[in-house]
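So the protein lines, in turn, are chains S, Y, E, L and C. Take 99 as the starting number for the first sequence in the numbering used here and just add one per residue. Take 99 as the starting number for the second sequence in the numbering used here and just add one per residue. Take -2 as the starting number for the third sequence in the numbering used here and just add one per residue. Take -2 as the starting number for the fourth sequence in the numbering used here and just add one per residue. Take 7 as the starting number for the fifth sequence in the numbering used here and just add one per residue.
Source of the hints: derived by calculation from the structure; they are not laboratory data. Glycine is no exception: its CB is placed at the ideal position from the N, C-alpha and C atoms. The reader is advised that the hints may include incorrect statements.
[As the list claims (entries may be wrong)] Listed below are the simulated BS3-like cross-link pairs for lysine-lysine, each with C-alpha atoms no more than 27 Å apart in a straight line:
no., chain 1, residue 1, chain 2, residue 2
1, C, Lys255, L, Lys102
2, L, Lys229, Y, Lys192
3, C, Lys330, C, Lys259
[To be verified] Counterexamples of contact, computed for chain L against chain Y with all Cβ distances above 10 Å:
no., residue
4, Pro16
5, Leu30
6, Val41
7, Gly46
8, Ala48
9, Leu128
10, Ile133
11, His165
12, Gly176
13, Ser220
14, Gln330
15, Ile332
[Stated by the list, open to error] Which chain E residues face chain L? A few, computed with CB under 10 Å, are given here:
no., residue
16, Leu142
17, Ile151
18, Leu153
19, Asn266
20, Met307
21, Gln311
22, Val322
23, Val326
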Amino acid sequence: MSTPTLEVAHGGVPEGKEDIYAKEPVLSARKLVITFGRVVGLDGVDLDLYPGEVLAVIGDNGAGKSTLIKCLTGAYVADSGVITLNGQPVHFKKPQDAREAGIETVYQQLAVIPALDIASNLYLAREERRRGPLGSVLRMLDKKGMEKRAGQSVQDLGIQTIQNMSQAVETLSGGQRQAVAVARAAAFGSKVVVLDEPTAALGVKESGMVLDMVKQLRDRGLSVILISHNMPHVWEVADRIHIQRLGGRAGVVTPQTHDMGEGVAIMTGAKRLEGSS
Amino acid sequence: MSTPTLEVAHGGVPEGKEDIYAKEPVLSARKLVITFGRVVGLDGVDLDLYPGEVLAVIGDNGAGKSTLIKCLTGAYVADSGVITLNGQPVHFKKPQDAREAGIETVYQQLAVIPALDIASNLYLAREERRRGPLGSVLRMLDKKGMEKRAGQSVQDLGIQTIQNMSQAVETLSGGQRQAVAVARAAAFGSKVVVLDEPTAALGVKESGMVLDMVKQLRDRGLSVILISHNMPHVWEVADRIHIQRLGGRAGVVTPQTHDMGEGVAIMTGAKRLEGSS
Amino acid sequence: MSTEVTSAAAEFARRQQSPLQRVQHQLHGRPWLSPLFLLLVAFVAFFIGSATFLTASSMGILLQQTAVVAALAVGQTIVILTAGIDLSVGAVMVLSMMVMATLAKDGGMPGILALAVGVLLATAAGALNGLLVTRINLPPFIVTLGTLSVFTAIALLYSGGESIQADHLPRLLNFLGEGFGIGDFRLTWGIIVVILIYAVMGFVLSQTAWGRYVYAVGDDPESARLSGVPSKRILLAVYTVAGLIYGIAAWILIGRAGAATPNAFPDANLASITAVVIGGTSLFGGRGRLVGTLIGALIVQTLQFGLSQMGVDQQWRVLATGILVIVAVAVDQWIRKVKA
Amino acid sequence: MSTEVTSAAAEFARRQQSPLQRVQHQLHGRPWLSPLFLLLVAFVAFFIGSATFLTASSMGILLQQTAVVAALAVGQTIVILTAGIDLSVGAVMVLSMMVMATLAKDGGMPGILALAVGVLLATAAGALNGLLVTRINLPPFIVTLGTLSVFTAIALLYSGGESIQADHLPRLLNFLGEGFGIGDFRLTWGIIVVILIYAVMGFVLSQTAWGRYVYAVGDDPESARLSGVPSKRILLAVYTVAGLIYGIAAWILIGRAGAATPNAFPDANLASITAVVIGGTSLFGGRGRLVGTLIGALIVQTLQFGLSQMGVDQQWRVLATGILVIVAVAVDQWIRKVKA
Amino acid sequence: LGACNRGSSSDGASGAGGGAKVGVTLITKDSTNPFFVAMQKGAKADAGKNNVKLTVASGKQEGDDQGQITAIEDAIARGDKGILITPMSDGVNSAIKKARDAKLFVIALDTPPDPADTVDITFATNNRNAGKLDGQWAAAQLDGKPAVIALLDLFSDKIVSVDYNRDQGFLEGMGIDVADGKKNGDEAKTGKYTGGKGGDYTIVCNEAGQGAEDGGRTAMEKCLAKNPNINLVYTINEPTAVGANAALKAANKTALIVSVDGGCAGVGSVKSGVIGATAQQYPLKMATLGMEAIAKIARGGEKPQVTSGLDFFDTGVALVTDKKADGVDSISSDDGAKICWGN
Ligand SMILES: Nc1ncnc2c1ncn2[C@@H]1O[C@H](COP(=O)(O)OP(=O)(O)OP(=O)(O)O)[C@@H](O)[C@H]1O
Ligand SMILES: Nc1ncnc2c1ncn2[C@@H]1O[C@H](COP(=O)(O)OP(=O)(O)OP(=O)(O)O)[C@@H](O)[C@H]1O
Ligand SMILES: [Mg+2]
Ligand SMILES: [Mg+2]
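This is chain S alone, in the form it adopts within the complex (with noise of 0.2 Å):
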């Protein structure tokens, strides 16, 4: 091909982070490889990630972000490939095998049940029981205090618009559904957090806020992916740059090494990576 290469940036590590790349990856994947009838969603991708950094994945629509993400979750289940999780082969059958490992997740689509109010959506599968045997014994949630927590978990994200707590999420507006998405993510991820678009119907403020809690969790020593279309985020937090394009992977780059420019170059197929397959 033509296109014009740029450096090779695979396994490139970021400067003064070292140390954390030499240990093994919390969360690995090789040739992961998923088909849905005739489309091509996934054709042998690899990934990893270690330990304590902000992953970031970029493409274009529809170049396999989201798929990745699902298969590394259990949301789908990949035809073929290896997953491992610090370093043990994993067979994820449904998103909750993966949060039971400690993966908590945004999809894109959101996940919310639109029937229930916000505290039950940022609790969902996560309940909290009263104090007591009402709650041991009887096991009654202690709904007063997931709401007032949930409540301060939106406020968090600087979701100050929403009048009513108990409001049904489908009555909220795109970017505060979003956020208490987003919110149980941050609240309730161990080991892994998977972000995929996070902030696409956050404002500005929000937005900001959310790209503060993605570097706390990192200082807490969790690793973060961050799905992004939004390259001026994506450079600010990530620590190394994933490079999906047509279902695999273009390439592995650090916000150090390469520029914004360059890397939706690569995004877009007009530049490719020395190297690469």
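Since chain S is already given, all that's left is putting chains Y, E, L and C with the ligands on it; use the hints.
Below, chains Y, E, L and C with the ligands without anything else, positioned relative to chain S:
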């Protein structure tokens, strides 16, 4: 209140476009109020859209942007307030009414039919029939033709990853789906095109193409309402900017008189426009 | 934002309202009041139309007539909340009833054991439905349509079509038909059991995580799955619990009918689904309240009882019931629709 | 991207497949083939199990037996495609049938006029359902449950519960029961009419804008509304057309039964819904194909006919039908699930 | 039309002595079977004469015990003086007991309850006898020829007494061993019948026709597909017989059809030769006799007596046929038409 005030720009007119603003607005709203139970959606909002202009609407999450355009396009019926089209009061009871009046809308939730394929969605409620008696008598659809033209429309927006034009839109990626919705509005708008966060899920290249499309629509003399959280986009294409805040209108500015920082400040309540209500 | 802007919505809220609108407004804020309101209207109407309707003894009878369908409708409600449907309600109940009675009579089993086996069998039948729905991913309609035939046939083959009279059965199996009176107002233990079922399931649905999962799975199964709700386990549990409830309903029915008959309640399906839907639960799942089902069951039964007390003949009663069901739900819809 | 990467998916596609997997793969690509495949399997099984099953005359009879339910199921299909349900199918058909017959017999109306009035009445009944659904926003389940009672009662009151024999009726009303034979294989005009109904509605659903709207309204009513689909008009039309089809089914039924009876076809509701669901149409609307319904109707009828030819006892047959329905749909599910 | 047979029953009493109206409830099995519709109509027509306030109720369908229980309770709550009921099954016995405890006079119509003393008195025909008459007649007609029999019953997913009583009665009349007398279809499929001159028999099928024409036709078609040589068809009622005849006609076959009920349409079918013989019953007579009895008792009159030798009041059954058989009492279709019910 002690928030710093900015120079008034209510009804400010962008330089070099004074002729447009001498005409009668194509779409006007006065004192729109809508409540949902105890939640106040719109709290007496005014809006004017002039022929051949791009009016951006910005605001925090939950500020009422989507609610506003839903009231304008018949998706909601306002509790009180007046809407005029070319100076005539109109009462849109359903989106179809607005459509028939020449207002084409991309709603934030996209409003595509999951199980139908791309072409069927693009041409939904705008179907084209076959030529000859098959079409006029038997009312047979021109499926082939619509599929071809639909493919073209989507490609025009830079989406090249769709491998199978007869895929159901529920199997499309988030961005691909949004492109389908945007392509529809672009193809059929005859007077006003309303776009509620049309680039939220789109990649860099694809977003650029949508902005180009907006400009082309304006150049063809259509009016465009563009809701977006992407300030650079807004400042790039908008003639005027309607700032929505807490269900009300905080003011209208032009990209020439106010910069992005000021816009965001007004939006978040950090500053307010002098003399604005 | 300032006071002037706020006032637009506030002004709208302060607008003139007629008394009717105010009632409507009140009911709108408390949607579960609306069917209750309908029930009240029906009571007043029948009170005017018939001298024998609103008497203590009639009210007792009305409750007794509602008991079985109200019990079945609890199971139907949780199934429908998960966006399913259960066509096998009646068949499971009858099978359970015939097994209980046959074991106690022919097998000479002590009442408590026969009851336990019968209820367990119903629970197992429900679990079978649940397994077919979750393991093989079959639509609930098909599964329960199939098991409807299967359970009906087994009940007939097992019982040989013979009914078993109460006097051949141990007292325990008949016990729910006995009761106590407060004056002429007679309640059976069956009614008490039904109330208990509603209380327990109402608590579970609204106060526990399990209840939330039921709603989540029904409202948006894919989102529930992605959120980590153990959907399959919940579905299986729902069908199993439903079966358990049908088993208890079988016990109530023996007491009520004073016999176990293989043809006991052929329209159990339609009657139970009707109670659920009139009670405001959506057939698409995820939306509804159990108390609505109770009121729904009462509304249907009240209409039928009231019309019969007015001496309306069967065919006219069928006609009137049809119209009244539509009117009742239409009024309900009108109340809910209006803007607060 | 390069060749090396592409090969990962290509390699996967080239993987070893057993012959069974290949069949499955083929069927998966053509989902409507899968119920047809089931039907074939059933035919082979019954051919082995019974000497009298696969004969020309039996096949003709099987088609005749399927005709009425297949016709009703067309109306049911379009209603279900809009995420509705029609419990009044049988009631509308019977009402229309009784009116046709009574007008022709007692009123002495010429056949063509009686037929027209009857079919028109059915259409109006459907339109009434549609109006209640669209104007008052009532759930279709409630509306048709109500009109089920209303139409049934009217049919009974109007006819006085008496059936009218074919010999009192003009030939036109009986005409669809007549037919022609190709050897022992006898077809009635009623079957031809049913095939026509399928052809016309199949064309309308798949080739016209109206058909697309039906799917759109059923799949996502809010999106359809926002897209400018005239949802209410479509819904109204769907129920009206369904009524029209039930009217035609009434005509077919008179010919088949040789009489007009108020208690004809008591399980029309369940039978028609079953055909639709076995045919692969989702009860949640928006997904399904009309041809599936036809195959669904044939599958049910084939099971029943085949079992009877094998001489299975009645109650065992009920049992077997239940199991086979589940198995059939499970196989269908398995075929669809597998990865291509 | 229907009036012709009422004359025979309501001649004597009509206890329309003055006083308030007596509340009576008529509870049939369903409201769609022409037999029960006729019963309801007859009762309504006579209600005024007896100064009775009649309420008509029924189960939703055959087998709906619950519906009948509810209707009984409704009658008690309404303060009615008596109940006329065609009991669905023994499942309603305890509700009947409740009504009698509440001092209602309960009369069973058409179907005698088991045990007979569940009700105050029964006005019924014996369904088994009706079937037997059919069987005896058919055996005589066959005149020693082999019988190839189709049995068109009522239900396959329910077991109701009228179903097995008529079917098994017919076989008994034919002189075929019925094994379990309450179970359809457990007979030997081939063997010898002893009725008439006796001969070989083959039972081709037991098919359920739901008691209506369309179901009857479908059932008969299945039987014919199995064995086209059927020459004797038992049908649970006349609509089923009409459907069976349609199937036979379509297949260009003929067979002897016997049925039960004796509605005017059915008698017409006998006259036209479609049905060979039908055992006629008298629903109107049952209803009117029952109502008179309750009206009389409510006004202090006597209880009616059961037919001697039976534990119920036999309203009778007569075989209607135009082909008399030796040793089987029957009436002609013209006579039958005079006392038939319905139109
Ligand atoms: N269930 C499915 N059936 C068929 N095709 C699918 C399915 N899911 C995804 N695809 C296809 O796979 C490709 C990758 O989709 P994916 O959602 O992963 O893209 P993406 O990179 O997340 O894009 P975006 O930025 O628009 O969200 C797309 O072409 C899409 O149409
Ligand atoms: N149907 C409804 N019922 C109740 N509240 C509603 C409803 N629709 C909107 N709201 C509320 O109205 C407010 C405005 O919502 P809207 O969707 O207009 O916000 P927005 O400005 O479009 O925000 P975003 O940028 O997040 O899309 C929100 O607080 C939302 O919760
Ligand atoms: Mg994506
Ligand atoms: Mg919005």
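Item to complete: Return the numbers of the hints above that this structure violates; sort them in rising order.
Response: Violated hints (numbers, rising): 13 and 20; every other hint is consistent with the structure.
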